Amino acid sequence: MPETPQRPARNLPPLSLHIPEPRYRPGDTPDFGDIEVPAVDATPRPGEATKPDAMRELCYGLVRVLDFDGQAKGQWDPRLSPERLRAMLRNMMLTRAFDDRMFRAQRQGKTSFYMKCTGEEATSVASTMAIDRTDMVFPSYRQQGILITRDYPLIQMMNQIYSNRGDHLLGRQLPIMYSAPEHGFFSVSGNLATQYPQAVGWAMASASKGDSRIATVWCGEGSSAEGDFHSALTFATVYNAPVIFNVVNNQWAISSFSGFAGSERTTFAARAVGYGIAGLRVDGNDPLAVYAATQWAADRARTNNGPTLIEHFTYRSEGHSTSDDPSAYRAADEATAWPLGDPIARLKQHLIVLGEWDEARHEAQAKELDDLVKMTQKQSEKLGILGHGMHQPFETMFEDVFEDMPWHLKEQCAQMLAEQEAKFGPDWKPE
Amino acid sequence: MNMIEAINSAMDVMLERDPNTVVMGEDVGFFGGVFRATAGLQKKHGKTRVFDTPINECGIIGVAVGMGAYGLRPVPEIQFADYIYPGLDQLVSEAARLRYRSANDFICPMTVRTPFGGGIFGGQTHSQSPESIMTHICGVKTVIPSNPYDAKGLLVAAIEDNDPVVFLEPKRIYNGPFSGYYDRPVEPWSKHDASAVPEGYYRIDLGKAATVREGEALTILAYGTMVHVTKTIVEEMGIDAEILDLRTLLPLDIDAIEASVKKTGRCLIIHEATRTSGFGAELAALVQERCFYHLEAPVERVTGFDTPYPHSLEWAYFPGPVRIATALTKILKD
Ligand SMILES: Cc1ncc(C[n+]2csc(CCOP(=O)(O)OP(=O)(O)O)c2C)c(N)n1
Numbered sequence: 019m020p021e022t023p024q025r026p027a028r029n030l031p032p033l034s035l036h037i038p039e040p041r042y043r044p045g046d047t048p049d050f051g052d053i054e055v056p057a058v059d060a061t062p063r064p065g066e067a068t069k070p071d072a073m074r075e076l077c078y079g080l081v082r083v084l085d086f087d088g089q090a091k092g093q094w095d096p097r098l099s100p101e102r103l104r105a106m107l108r109n110m111m112l113t114r115a116f117d118d119r120m121f122r123a124q125r126q127g128k129t130s131f132y133m134k135c136t137g138e139e140a141t142s143v144a145s146t147m148a149i150d151r152t153d154m155v156f157p158s159y160r161q162q163g164i165l166i167t168r169d170y171p172l173i174q175m176m177n178q179i180y181s182n183r184g185d186h187l188l189g190r191q192l193p194i195m196y197s198a199p200e201h202g203f204f205s206v207s208g209n210l211a212t213q214y215p216q217a218v219g220w221a222m223a224s225a226s227k228g229d230s231r232i233a234t235v236w237c238g239e240g241s242s243a244e245g246d247f248h249s250a251l252t253f254a255t256v257y258n259a260p261v262i263f264n265v266v267n268n269q270w271a272i273s274s275f276s277g278f279a280g281s282e283r284t285t286f287a288a289r290a291v292g293y294g295i296a297g298l299r300v301d302g303n304d305p306l307a308v309y310a311a312t313q314w315a316a317d318r319a320r321t322n323n324g325p326t327l328i329e330h331f332t333y334r335s336e337g338h339s340t341s342d343d344p345s346a347y348r349a350a351d352e353a354t355a356w357p358l359g360d361p362i363a364r365l366k367q368h369l370i371v372l373g374e375w376d377e378a379r380h381e382a383q384a385k386e387l388d389d390l391v392k393m394t395q396k397q398s399e400k401l402g403i404l405g406h407g408m409h410q411p412f413e414t415m416f417e418d419v420f421e422d423m424p425w426h427l428k429e430q431c432a433q434m435l436a437e438q439e440a441k442f443g444p445d446w447k448p449e
Numbered sequence: 091m092n093m094i095e096a097i098n099s100a101m102d103v104m105l106e107r108d109p110n111t112v113v114m115g116e117d118v119g120f121f122g123g124v125f126r127a128t129a130g131l132q133k134k135h136g137k138t139r140v141f142d143t144p145i146n147e148c149g150i151i152g153v154a155v156g157m158g159a160y161g162l163r164p165v166p167e168i169q170f171a172d173y174i175y176p177g178l179d180q181l182v183s184e185a186a187r188l189r190y191r192s193a194n195d196f197i198c199p200m201t202v203r204t205p206f207g208g209g210i211f212g213g214q215t216h217s218q219s220p221e222s223i224m225t226h227i228c229g230v231k232t233v234i235p236s237n238p239y240d241a242k243g244l245l246v247a248a249i250e251d252n253d254p255v256v257f258l259e260p261k262r263i264y265n266g267p268f269s270g271y272y273d274r275p276v277e278p279w280s281k282h283d284a285s286a287v288p289e290g291y292y293r294i295d296l297g298k299a300a301t302v303r304e305g306e307a308l309t310i311l312a313y314g315t316m317v318h319v320t321k322t323i324v325e326e327m328g329i330d331a332e333i334l335d336l337r338t339l340l341p342l343d344i345d346a347i348e349a350s351v352k353k354t355g356r357c358l359i360i361h362e363a364t365r366t367s368g369f370g371a372e373l374a375a376l377v378q379e380r381c382f383y384h385l386e387a388p389v390e391r392v393t394g395f396d397t398p399y400p401h402s403l404e405w406a407y408f409p410g411p412v413r414i415a416t417a418l419t420k421i422l423k424d
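Chains as they are written, first to last, in my numbering: chain S, 19 to 449; chain W, 91 to 424.
Bear in mind the hints are in silico, worked out from the structure with no lab data behind them.
You may find that some hints are simply not true.
Claimed, not checked - For lysine-lysine, the following DSS-like pairs were computed, each having C-alpha atoms within a straight-line distance of at most 25 angstroms: (1) W:K352 to S:K227; (2) S:K428 to S:K447; (3) W:K137 to S:K428; (4) W:K352 to W:K420; (5) W:K134 to S:K227; (6) W:K420 to S:K227; (7) W:K352 to W:K281; (8) S:K447 to S:K400; (9) W:K423 to S:K428.
Remember, it's a predicted structure, so these values are computed and weren't measured experimentally.
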């Protein structure tokens with residue numbers, strides 16, 4: 019084996035390798051005072067047909083609408099009606115209530131796994147409200163807010179989480195990996211960023227057919243380092259695909275901070291610059307900014323002005339999933355020290371400032387939603403929970419590998435049925 | 091027609107018949123592909139139906155998954171099978187499992203076409219035979235034609251199939267079959283019956299092997315280029331072998347294999363891909379599971395070696411006449 023070459027004796031400084039390190043670790047007191055939070059009207063709103071090279075600074079700024087007093091200001095204000103705002107608040111609150119309940123269900127051993135989106139509700143709810151219901155959405159795994167916004171039945175989400183006999187996916191997918199084509203919601207994959215090129219392909223197909231529907235897609239800032247992300251941006255720019263790329267920059271990819279996806283050098287929105295596509299960096303905890311940016315990008319895509327990359331600058335308030343303990347790798351108070359606040363609290367404050375909401379109504383709605391989730395959970399649990407037996411007919415395991423079952427799967431299915439009959443007797447039925 | 095023309099004709103017919111068929115890949119549009127398999131298709135069917143893509147296999151296959159989910163029937167070309175690896179995740183984790191994981195919500199009716207195999211001095215990165223990797227993916231069908239007539243009929247069936255298909259084209263025999271001797275020229279397809287390819291639509295169902303030659307002495311299982319090498323050797327040695335061209339590796343025509351081996355009592359498996367965990371291992375296991383009491387000799391394999399494909403020594407790597415003759419002699423000994 020060749021030996022590692024020695025550094026030649028030359029009068030040059032030794033090179034050094036940089037390993038990124040987050041600023042705060044457990045025990046530290048986080049201070050995010052140096053994060054630049056520009057004023058709400060600091061980021062201009064260009065026309066939807068503006069060429070990407072004329073709007074580069076938008077990749078480095080922060081589109082904001084709501085100030086911290088709850089006032090909506092500036093060019094990006096989407097001027098939504100109070101009814102729309104209240105619907106948005108409700109969707110976000112329902113998402114949070116659902117998350118809390120399902121998180122608890124996992125802790126109670128009723129299912130194997132759950133993932134919350136606490137603090138990131140605006141990134142899915144507000145952006146979904148800004149596109150058409152018929153637009154196709156390619157979600158990652160933290161976009162339950164999309165299904166809730168599109169009125170997908172909560173019980174179906176729960177049935178999937180429990181893999182029970184009501185689970186439309188027949189217990190084949192990890193909890194939270196929903197699929198709902200009739201709601202324009204693509205099947206969630208456990209492989210990160212794979213949905214990025216797929217969304218582009220869908221959008222290209224739509225464009226080639228002269229359709230008017232666009233596609234949107236999500237990934238985390240961590241997954242933006244995947245090759246698929248860059249493949250997708252390349253294809254999107256080459257074919258001017260009508261697609262919106264969402265990067266939810268919640269600062270953490272499990273225990274790796276955003277620096278391991280390259281955030282120390284530039285923003286995630288700025289990835290767009292190299293591809294010559296439009297990029298927007300948005301206050302992800304400001305539902306109105308998320309709405310406005312998405313609406314802008316959707317109009318752009320729908321008028322054949324091409325794709326947009328939106329970075330949602332936000333924070334992951336809770337663990338990565340039920341299998342994660344963030345106190346082991348990050349400072350305890352980061353979520354509260356985060357300078358952009360909480361999206362639900364900010365929208366609530368805005369509605370109160372408008373005189374369209376109050377504490378009492380808020381509390382009543384929180385309780386109503388909590389009760390709704392609880393009641394739905396009871397109904398879902400009647401159809402079974404994970405771990406209490408097997409809920410699907412055994413042979414479903416072999417169905418849908420192909421449209422028609424080939425001989426080798428038929429043989430393996432017969433073998434499995436014989437094994438199960440030996441175990442449970444011939445009269446076994448799904449529970 | 092030679093095999094390239096037959097493949098071209100299959101896409102042409104499908105582009106004509108089904109407005110949802112799209113052909114895409116590196117250099118496939120204006121130029122018609124480095125092997126000319128898509129020549130003329132863009133001109134005839136337009137740029138939105140037949141187009142060039144970036145050099146990005148992950149993108150090509152990933153985009154095709156999205157197109158399939160929309161309702162198109164994409165036929166992506168991967169320029170050489172060796173370059174399927176950058177796109178493999180989209181094939182394994184996405185295309186192959188989409189139907190299953192979504193319980194039929196979404197399907198992926200794509201046909202990934204790609205030239206494979208050696209014999210053209212392509213070196214390590216233009217010569218590989220990844221068929222066993224493909225058959226190890228649950229949810230993908232693997233098809234390998236060995237002549238123009240089959241290539242067109244099978245490709246039509248693959249494009250019409252509602253599941254993802256990997257269509258591996260033996261590039262060594264694009265222009266004509268090959269005897270197995272590097273110093274002998276390829277005999278053009280025009281001299282063979284299988285070059286009589288109808289212009290219009292016809293299909294050959296996937297999952298059916300073809301009997302290339304009937305015989306009693308032993309059964310030889312082969313596919314692609316090796317069908318021709320095998321036939322030459324058998325004829326030269328004057329052996330009464332039955333040769334099955336498998337044509338589809340998954341789904342596999344187990345009935346044809348079983349019937350033939352039970353008749354002859356001996357089985358030789360020939361492929362060009364590397365030996366360890368190759369598709370021959372699967373075939374050998376199936377044959378001994380199903381035909382053990384009919385076997386009069388151990389099942390033998392003739393394969394490529396377990397090395398990367400060597401450039402200058404490729405004809406020493408290749409399972410040629412000597413290797414096959416040795417195996418035939420051994421298997422017929424007792
Ligand atoms: C291709 C792939 N690699 C690794 C993983 C394991 N994994 C699951 S989630 C995750 C972190 C993702 O972080 P990010 O993209 O920032 O999204 P977030 O969870 O923060 O929303 C990792 C590494 C995976 N699912 N897929």
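Does the structure keep K137 (chain W) and K428 (chain S) at a Cα separation of 25 angstroms or less?
violated, 42 angstroms
K352 (chain W) and K420 (chain W) were given as a pair; does the straight-line alpha-carbon distance stay at or below 25 angstroms?
holds, 19 angstroms
Pair hint K428 (chain S) and K447 (chain S), alpha-carbon separation not exceeding 25 angstroms:
At roughly 20 angstroms apart (the allowed maximum being 25 angstroms), K447 (chain S) and K428 (chain S) satisfy the hint.
Is the Cα-Cα distance between K447 (chain S) and K400 (chain S) 25 angstroms or less?
holds, 16 angstroms
Agreement of K352 (chain W) and K227 (chain S) with the hint, judged by alpha carbon distance not exceeding 25 angstroms
violated, 53 angstroms
Are K423 (chain W) and K428 (chain S) close enough, with their CA atoms no more than 25 angstroms apart?
At roughly 38 angstroms apart (the allowed maximum being 25 angstroms), K428 (chain S) and K423 (chain W) break the hint.
Compare the distance between the alpha carbons of K420 (chain W) and K227 (chain S) with 25 angstroms, and conclude whether the hinted pair is satisfied.
violated, 60 angstroms
Given the hinted pair K352 (chain W) and K281 (chain W), is their Cα-Cα distance within 25 angstroms?
It is violated: about 34 angstroms lies between the C-alpha atoms, which goes past 25 angstroms.
Distance restraint between K134 (chain W) and K227 (chain S), which requires alpha-carbon spacing of 25 angstroms or less:
holds, 18 angstroms
In the structure shown, a violation is registered for the earlier hints numbered 1, 3, 6, 7 and 9, in ascending order.
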